[in-house]
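Colleague: Top to bottom, those sequences are chains G and W. Take the first sequence: its letters are residues 1 to 429, numbered as in our numbering. Take the second sequence: its letters are residues 1 to 146, numbered as in our numbering.
Source of the hints: derived by calculation from the structure; they are not laboratory data. Be careful, since some hints might not be right.
[Claimed, not checked] Computed from the model, here is a short list of chain W residues facing chain G with C-beta under 8 Å:
1) V18
2) V22
3) V23
4) T33
5) H80
6) A102
7) C123
8) V141
[As the list claims (entries may be wrong)] Here are the simulated BS3-like pairs of lysine-lysine, each with C-alpha atoms no more than 25 Å apart in a straight line:
9) K143(W) x K8(W)
10) K61(G) x K143(W)
11) K83(W) x K57(G)
12) K57(W) x K144(W)
13) K83(W) x K8(W)
14) K57(W) x K31(W)
15) K8(W) x K298(G)
16) K143(W) x K31(W)
Just so it is clear, CB atoms sit at the ideal spot from N, CA and C, and this is done for glycine as well.
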Amino acid sequence: MVALTDEERRMLDGEQGAAVMKAMELLVRYADALGAENFVYTNNVAGVPGSSPQWIKDYYKEDGGDYRAVFSRFDLDSDEVVDVPRMNATSCHLQGGMDPLLWRDQGMSEEGFANFSYDEEQTAAHGIQVLKTCTPYLAGNVPVMGEHCAWMESSAVVFANSVIGARTNCEGRESTSSAMLANRIPNWGFHLDDFRKGQHSVRVDVPVQDIFDWGMLGYFIGGAVEDAIPVIEGAVSNPSLIRHKHFGAAAASSGGVEMYHMVGITPEAPNAETAFGGARRGEHFVYDADARRRVYEKLNSVGQNAAVDYVMLGCPHYSAEQIAYAAHLLEGRAVSPNAELWIFTSRAVKATAEASGHADILRKAGAKLMTDTCSAISRAVPEGTRVAALDSAKQVHYLPAMMGIEGWYGTTADCIDAACTGRWEGRLN
Amino acid sequence: MAAIVDTKPDLVLHGRKVVGGVVEGEALVTKDTISGWGGVDPMSGTIIESHHELRGKSFAGKVLIFPGAKGSSGWSVTFHTAKLAGCAPLALIFNIMTTKAALGAVVMRVPSMNEFDRDPTDCVETGDWVRVDADAGTLSVWKKQR
Chain G
1 MVALTDEERR MLDGEQGAAV MKAMELLVRY ADALGAENFV YTNNVAGVPG SSPQWIKDYY
61 KEDGGDYRAV FSRFDLDSDE VVDVPRMNAT SCHLQGGMDP LLWRDQGMSE EGFANFSYDE
121 EQTAAHGIQV LKTCTPYLAG NVPVMGEHCA WMESSAVVFA NSVIGARTNC EGRESTSSAM
181 LANRIPNWGF HLDDFRKGQH SVRVDVPVQD IFDWGMLGYF IGGAVEDAIP VIEGAVSNPS
241 LIRHKHFGAA AASSGGVEMY HMVGITPEAP NAETAFGGAR RGEHFVYDAD ARRRVYEKLN
301 SVGQNAAVDY VMLGCPHYSA EQIAYAAHLL EGRAVSPNAE LWIFTSRAVK ATAEASGHAD
361 ILRKAGAKLM TDTCSAISRA VPEGTRVAAL DSAKQVHYLP AMMGIEGWYG TTADCIDAAC
421 TGRWEGRLN
Chain W
1 MAAIVDTKPD LVLHGRKVVG GVVEGEALVT KDTISGWGGV DPMSGTIIES HHELRGKSFA
61 GKVLIFPGAK GSSGWSVTFH TAKLAGCAPL ALIFNIMTTK AALGAVVMRV PSMNEFDRDP
121 TDCVETGDWV RVDADAGTLS VWKKQR
């Protein structure tokens with residue numbers, strides 16, 4: 001069984017209240033399932049605490065059918081309902097189910113919005129920051145190197161581990177909600193030095209410079225290494241936040257990559273030797289022009305019809321820089337009457353886009369700038385959507401399969417052109 | 001589904017307890033890793049991921065034998081929701097430990113095991129009858145073609 005400190009034992013004994021006790025009970029069961037030896041202290045927790053659709057609340061009707069019931073019975077997996085205090089750890093809420101203003105455009109009902117508003121009031125009342133984004137690191141929660149975090153959201157986890165050098169596993173809802181109360185998470189996996197060493201090597205032989213190519217390389221690598229840690233060397237250049245964001249999201253979707261090393265680029269990989277850290281080197285993969293073409297074809301295998309009626313940008317949520325670029329491409333043009341253009345971001349970044357005039361340019365062109373969610377999370381696409389165009393390998397991996405629609409993958413410029421003409425003209429250059 | 005308790009199993013694998021408990025049932029086996037959120041419809045327990053070997057099949061009431069979990073951090077929520085919908089698997093049997101699979105097993109409260117002496121995805125087939133005794137660390141298998 002996981003070893004406990006005196007303080008952790010007292011938490012289990014109920015000294016800090018029933019909710020913390022139930023949180024520790026869940027964390028002990030989880031640590032034992034993993035085989036963790038002990039816990040690590042964390043004060044940076046990102047999850048989706050307490051939020052639930054109405055049917056989950058109805059499921060717990062006998063327990064009160066409210067936030068308290070859902071948090072106790074679902075989040076803490078407790079047999080009893082307990083009073084839920086303000087969270088003890090610095091905590092934030094990741095993406096949610098709808099835009100707080102444009103929910104009608106997303107096809108949500110009055111009842112659905114009332115349920116969403118109730119959950120959000122409860123989130124704030126429990127001391128949880130309402131970031132409502134899959135990119136907390138773009139909305140005010142930027143961990144530092146070596147910081148032990150407990151984060152959900154695979155694209156944020158891979159960013160935190162690889163680009164920042166923070167330490168988090170890909171946590172789930174129940175473990176993050178518990179960590180918010182207990183300030184603890186099992187000291188397993190990416191919290192430990194040995195677990196962070198590279199396992200397979202990838203050599204990049206074709207230039208990978210812009211975000212479109214970084215996304216395809218990520219998708220290739222996830223498919224190649226699955227959930228292992230790749231060490232990437234070669235012709236990757238122009239690293240930037242948004243390129244890492246798309247690369248990691250793609251690798252986490254096609255495989256399950258939670259950490260990668262890019263030699264000379266990411267902080268735990270000054271050279272290949274350090275990245276592997278003496279670990280045995282596994283398989284070797286090569287990304288060349290042929291591999292690039294195969295990835296492009298795979299991402300576009302769910303696209304047949306060139307008549308695009310929906311363009312979705314913002315997976316993971318767009319940065320201020322990406323919104324500015326979309327506004328630049330759209331300025332003086334208009335979204336086709338046969339298509340819709342929805343761009344997703346966080347509330348924090350939207351405020352910047354409003355102040356900078358970019359949101360206004362998007363609105364004038366007929367695009368909608370939305371926050372909190374995305375089409376895959378909310379299962380919301382414009383009514384009658386048959387063919388979507390996307391600039392995210394992650395979104396094209398998920399959305400067409402979930403919604404039974406076609407999907408195209410291309411550059412942001414390809415997607416904006418499709419939004420304005422209603423035609424897909426993207427191709428691999 | 002009558003329990004087979006009086007015949008000798010064709011095969012007994014030894015592994016590590018992830019979540020304790022004992023259960024018997026029919027095996028559903030795949031060589032493909034499983035995505036939770038976006039890969040499973042929790043309301044029916046059906047695998048929906050494109051190109052997945054088990055696409056269209058439900059794990060509800062089956063002993064799910066698979067290499068490991070992948071994909072979104074919503075893995076545990078998806079399987080937890082499947083439990084609420086009455087569509088949880090009877091047990092989870094897997095090779096690769098991840099936070100996703102561990103947490104999913106914990107919140108579904110189903111017997112679960114990993115780290116076997118032989119790869120269960122090699123020596124158990126869909127339709128075989130299995131007995132998972134996570135407390136004793138054994139997976140007993142009765143082959144279906146007997």
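Colleague: It remains to establish, for every hint, whether it holds in the given structure.
Modeller: Verification of the supplied hints:
A least Cβ separation of about 5 Å between V18(W) and chain G falls short of the 8 Å threshold, and the interface hint therefore holds. Checking V22(W) against chain G by beta carbon gives a least distance of about 17 Å; that is not within 8 Å, so the hint is violated. Because the smallest distance between the Cβ of V23(W) and any Cβ of chain G comes to about 16 Å, over 8 Å, the interface hint for this residue is violated. For T33(W), the interface hint holds, the least distance from its beta-carbon to any beta-carbon of chain G being 7 Å, beneath 8 Å.
Restraint check, H80(W) versus chain G: the minimum CB separation of about 7 Å is within 8 Å; hint holds. Evaluation of the A102(W) hint against chain G yields a held restraint, the C-beta minimum of about 4 Å falling below 8 Å. The criterion of a C-beta within 8 Å of any C-beta in chain G is not met by C123(W), whose closest approach is roughly 22 Å, and the hint is violated. Hint status for V141(W): violated, given a least beta-carbon distance of 23 Å to chain G, over 8 Å.
Between K143(W) and K8(W) the alpha-carbon distance is near 11 Å, which keeps this suggested pair within the 25 Å criterion. Using a Cα cut-off of 25 Å, the hinted pair K61(G) and K143(W) is violated, with the two alpha carbons roughly 43 Å apart. Restraint check: the Cα-Cα separation between K83(W) and K57(G) comes to about 15 Å, which is no more than 25 Å; the hinted pair holds. Only pairs whose Cα atoms come within 25 Å are accepted, and K57(W) paired with K144(W) is accepted, the gap being roughly 19 Å.
At most 25 Å may separate the alpha-carbon atoms for a hinted pair to count; K83(W) and K8(W) exceed this at roughly 32 Å. Annotation: proposed proximity of K57(W) to K31(W) holds, straight-line Cα distance about 14 Å (limit 25 Å). Distance hint between K8(W) and K298(G) is unfulfilled; the C-alpha atoms sit about 48 Å from each other, more than 25 Å. A hinted pair counts as satisfied when its Cα atoms are at most 25 Å apart, and K143(W) with K31(W) qualifies at roughly 18 Å.
Consistency with the previously given hints fails for numbers 2, 3, 7, 8, 10, 13, 15, ordered from lowest to highest.
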